[in-house]
Amino acid sequence: MAAYDPRVNTGTTTPQNLPPPPPPPPESTLSEMTSTTEAVDTATAVATGDNPDTPADSWKLKFCTVCASNNNRSMEAHLRLSTAPTAFPVISFGTGSLVRLPGPSITQPNVYSFNTTSYNQMYEELEEKDPRLYRNNGILNMLDRNRNLKWGPERFQDWVPGLPRLDHISKGDKGALGTEGGVVDVIITCEERCWDAVVDDLMNKGNTLNRPVHVFNVDIKDNHEEALVGGNAILDLANRLNESAMKQRKVHGAAGWENGSGAARLSFDESVPEILAEWQEKHPNLPALWTLAWL
Amino acid sequence: MAQSTDHVVDQVAQLNAARSLVLGDAALYPQIVNGILPIVGANARLELRRWGADFLAETFASPMLATVQKQELAPTVLQSIQETLALPETDTAVLSSLVQTSASLYPLIFRHIVNHPEDSKTWETMNAVKQEILRKMDSFPCPAKICSVKFLQRVVQVQTPGLIADPRRPDQNETSLAVVPRNHALLAIPLLEAEASGLLDRLLGVFQEETSDPLVVNATLNCLAPLIRTRQSIANKIIQTILDFFPAKHVRPPFTPTVRVGVKSMERTARALLFNVMKKYNKSPATIRGLDQRLTNPFRNPSNPLMGKMQAYIERLMQSRLEVTEDASRKRGLPVEPTDGLDNAKRARLDAMTPPLLKIPPLPPGPTSYDQLFTLTQDIGLSSFDVKQLPPDLVVKIAVPLLAQVNPSMLTQAVDAIRNRYETITKEQNLKRQQLYQAATAAAADEDDDYEPDYEPLDVGADASEEAIALAAEDAELEPDLVSLGPFVLPQPPPLTEEEAGDVGRSAVSRVFGMIDAVETTPSPAQSKTQQQLSFARLAGSTFDRDAWVILLTRLATRAPAGLEGGDKSKGELATGKRQPTISDSIRETLYRYILEDFRARLKIGITWLNEEWYNDRVRMKAANSDRGDEDEEPTVALFYDTWVLRLLDGFLPYLDSRDIKVLVRFLSEIPEVTIAITQRVASLAKDPERVNLTVQALMYLIMFRPPAREMCLNTLEDVYQTYEESRPAAGKVLARWRPQALPAPTETAPAAPQAEVQAPPTAST
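Those sequence lines, one after another, are chains A and B. Residue numbers for the first sequence follow the working numbering, beginning at 1 and rising by one. Residue numbers for the second sequence follow the working numbering, beginning at 1001 and rising by one.
Since the hints were made in silico from the structure, they are not lab data. Be careful, since some hints might not be right.
Simulated crosslink set (BS3-like; lysine-lysine; CA at most 27 Å straight-line) [stated by the list, open to error]:
no.	chain 1	residue 1	chain 2	residue 2
1	B	K1427	B	K1359
2	B	K1279	A	K205
3	B	K1280	A	K205
4	B	K1237	A	K205
5	B	K1136	A	K250
6	A	K205	B	K1309
7	B	K1237	B	K1130
8	A	K247	B	K1136
9	B	K1130	A	K205
10	B	K1121	B	K1136
11	A	K174	A	K221
12	B	K1280	B	K1309
So here's chain A without its partners, still in its complex pose:
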């Protein structure tokens, strides 16, 4: 399969059985309330693990990728974002009513329900049905990639922003670290109708968190090759956005504000249209769209 990335092939096939990343030994005796829970250790490790000297660097934009079935395009992007050198916190969703995968003919898709079916289940079922067909059309490879990334497809409309996602960390979902609060800064959809669905659904959800979120669309055709190209482009966009956001965090106080010049003076939010315009010039074949919505 074209979209297959050897980097994720960790040799295991059942991610839901993966143990959480081994917690390093507790570094210090914290306050009395933190000494008991295992999750605390994990979180501590996350916050301090990489480079304790520059804590500001551990801050990153949190991403969410969305396509129709949370299988091909959003998962390719999920893979790219979570395995990039910067390793972004990322979650992913589908906006369709059901997970639809190609079947033996166009009228016989394989249909699964969101949130309750794991990629592993789908993989095993399709391998049982017709291993040749599903290997040749790339579905098995795709599902294999997906089951190494997270447990199963999730539906955007069922997502409750702000609901803690600690369980995803314990399940070993890639990119789950940093998304335990259940919120994101940037949503990237892979198709216009998904963008429409996401913007519409956020309005329906009532904007109760009062938290701004940038919603992008990067139009990607639903096939493995395009997903690969799109995944690259999305990573490019994410890097540009993150760079701008990091800059803003470094510039603080009135003094810092005054010292910058030009684009550097723009806050992250302000720079978004500019970043997208620049990005679009580099990727003219992936029509983009953006808005600022609310979680």
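For chain A, the structure is supplied; the task is to place chain B on it using the hints.
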């Protein structure tokens, strides 16, 4: 410094650990929030302030933490926020998070104050925070400004009356002005509502700025949906403002890629919002409408004028988007918005408020035609255009979108205009008619009303009283003569002679035969299949195909005149002798000829017909038997079956070919009764050496499968065997099987012909 950095790192790690705890168990929030407030307060280091502000924003947004607990925490946290804001806080991230937190806190504090009117201190703090944000928001860095937009929206939402879902349980209701008691010590409803109204204008002001900031516009558009949905009193105003907003007009050239991104995003977001609003109102069930007016949003009514406007706005957006973003390079820049106060947005709104008046031309003098009555346009070209020239599908294509865009007020005006015209005309005509009538009765000279001969009611004579006239006038009022011609009575037709009636009957019959011919080719295999499946269950003539017509005809021939002709005969016995050819006879004759025209294909009709005849004969015999009573007269019943079965057989026998065995066997097996006469006719075929086998096989079939006729057929076969040499090889085999005694001494065993038997018809017909 390194020491202190390490210390901060440790602290942040501890704080993160604490956060993980509450994410896992929301019950720990109060403990931890109170624990961290001193650490991350106004004077803490930037990292800690950032962390604290983020955490507070997350806490009060969390769906896991119950509203009651949030309410309890709110006053303490509010104090801390006020202190941080008053520093003043300069870090963008902290500021944004604090404004976010304030937006979440506002409804909580408001609800707290509703329940605790004595806590004026908290309300003062909240007001201070609110004023601080509102005062500074325009000078805030962009991210904080965006969050302030949301804060503004929250304040408007809280300070505008909302829905009361259940007045008996105030706790369950959404926080809004509607839950504030009238006599509240701190919250004065009119003041709060006025403030909200001002803030709403400020919120919507972004749509009227000369140059729009896409960030703020999008942020505003995306948070308006809950306001439109839950705040009926301001929904119209918000939608109207959006309808007057055209992103392409609010940007200044040059159209850099960045500007284009901004315009496109504003257009798409506006479109998304309107779609969201329209979908909500379309989806909501109409049944709610009658239940509770307060629950009913005005937009739920699909005929709401705003719905059409929203649709039109979306279409216009799509168009302008094409122009600006795609063709911008090829086009001149749009003129800059006029700054003389005659803002387009405002003008457009005024236009929209007063729908255009329809100009109704007066009717031309003299009598009015329907055409004139319904013509409102004064365009001669338009009114003389013949729509019938257009093909219907084109008319549909034009009419449907037109109807969808008809302005309701214009339509109402037009309908009213036509109604007025109609009423005027009706009144005038009634008046005129009454005058004429009175003149006529006064003159009393002649009753012929030359002026309006059609109208004159028949029952009003020359001596009609005043009452009758009044009644007539009333009638006229009800039925204006534009649409009525008065009662019309067809003259009684002259009585038909019997011959004429017969002719008419025959012509009717010939038309029915025409029907048979017309549908002859149509029955498809599938149809005939279903018919066969219906078999006993079907009703005769219920399918309107050829079979149905055939059955109709055969019944017409056999049953319809049965009683009538029978009646004739019972009265006069002469009738049998000089009986006129009746309709039924002519039908029979026609049927006979019709079948013979193509007897192979129409044999089925013949069989159906003969079955009907046979059945009819039985019924009449039975009726005659029961009618006979005491009289000694022999019942005389003309039996049609015997006559017609022989005629039909004689008709087609000469044409039978040696290969027509199936036709013959079918006929013989399906007719209801086989008589000696019939078997003799069949035997006569043996005269022709070529058709000997036809005879033998037909008889053999009857012998094998028609036991009642077996004896009769065997006798005939024996005859044939003896008479025709050619038949011996075949007939001999059959006789050997069924009547071996006939073979050794064939000449001696010819018995006398037995009587005709009565057999049950093999096919049922209902």
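Verification of the supplied hints:
1. K1427/B / K1359/B: Holds - the C-alpha atoms of K1359/B and K1427/B are around 23 Å apart, at most 27 Å.
2. K1279/B / K205/A: holds, 15 Å
3. K1280/B / K205/A: Holds. K1280/B to K205/A sits at ~13 Å (cutoff 27 Å).
4. K1237/B / K205/A: holds, 22 Å
5. K1136/B / K250/A: holds, 23 Å
6. K205/A / K1309/B: holds, 26 Å
7. K1237/B / K1130/B: holds, 24 Å
8. K247/A / K1136/B: holds, 24 Å
9. K1130/B / K205/A: Answer holds: K1130/B to K205/A is near 25 Å, not above 27 Å.
10. K1121/B / K1136/B: holds, 22 Å
11. K174/A / K221/A: holds, 24 Å
12. K1280/B / K1309/B: Cα-Cα ~16 Å, so holds.
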